[in-house]
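**Student:** Numbered per numbering that gives the first Met the number 0, the sequence shown finishes at 159, counting up by one with no gaps.
Hints were generated in silico from the structure; no laboratory data involved.
What you were told as hints is all true, and nothing was included just to trick you.
Label-pair ranges, simulated between beta-carbon atoms: (1) Lys-119 - Gly-70: 28 to 34 Å; (2) Ala-32 - Ile-151: 47 to 53 Å; (3) Asn-110 - Ala-88: 23 to 29 Å.
Predicted model, so just to flag it, every value in this text is computed and none were measured.
Beta carbons: idealized from backbone N, C-alpha and C, even for Gly.
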Amino acid sequence: MLGLLFSTCSAYSTTPQQALQQPDPTETALLDASKQALARTVLTELGTAAQYDLYLGNSVDVSVQTTQGAGFREWLHGVFVQEVGWSHAEEHYLSQLEANFSEAELEELLNLAQNPLFQKFLQVEAQSYGDAGDERRRLLEGVWEDYNSGAINPPPEVLR
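Build out the structure end to end from the sequences listed, making use of the hints.
**Tutor:** Right, dumping it as structure tokens:
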């Protein structure tokens with residue numbers, strides 16, 4: 000009888016332990032939502048959306064000759080932002096942050112992103128990119144002219 004009681008108690012006592020070992024789906028969903036919100040906040044604080052859309056200017060720089068007016072380049076950049084900009088890439092960025100960083104690491108990144116010195120660095124970096132635009136466009140146009148005139152030739156293995 001004592002053995003039966005002991006085995007019954009053991010059976011009941013292991014069930015709660017097993018339940019503790021199994022993650023609660025509700026708790027997991029809340030942690031995932033919390034981590035996603037944290038990842039989104041990190042991206043917001045870093046200004047990733049604005050940087051992503053700003054760097055679409057590279058595509059405009061490659062697509063448009065320097066003789067095109069600034070108004071046309073600005074219009075085309077706006078089209079690129081609308082058609083292939085941040086709103087189309089945000090979920091990918093979020094999933095990458097969630098997959099590659101722990102919640103503690105995301106907290107650390109958030110602290111860094113909120114650091115005034117780091118924010119200043121990001122602003123200067125974005126301004127530098129903008130300031131280099133005319134020179135970048137001039138150099139890119141030169142590369143394309145050289146390519147189109149045969150002065151720059153791709154190696155045969157990349158033409159296959």
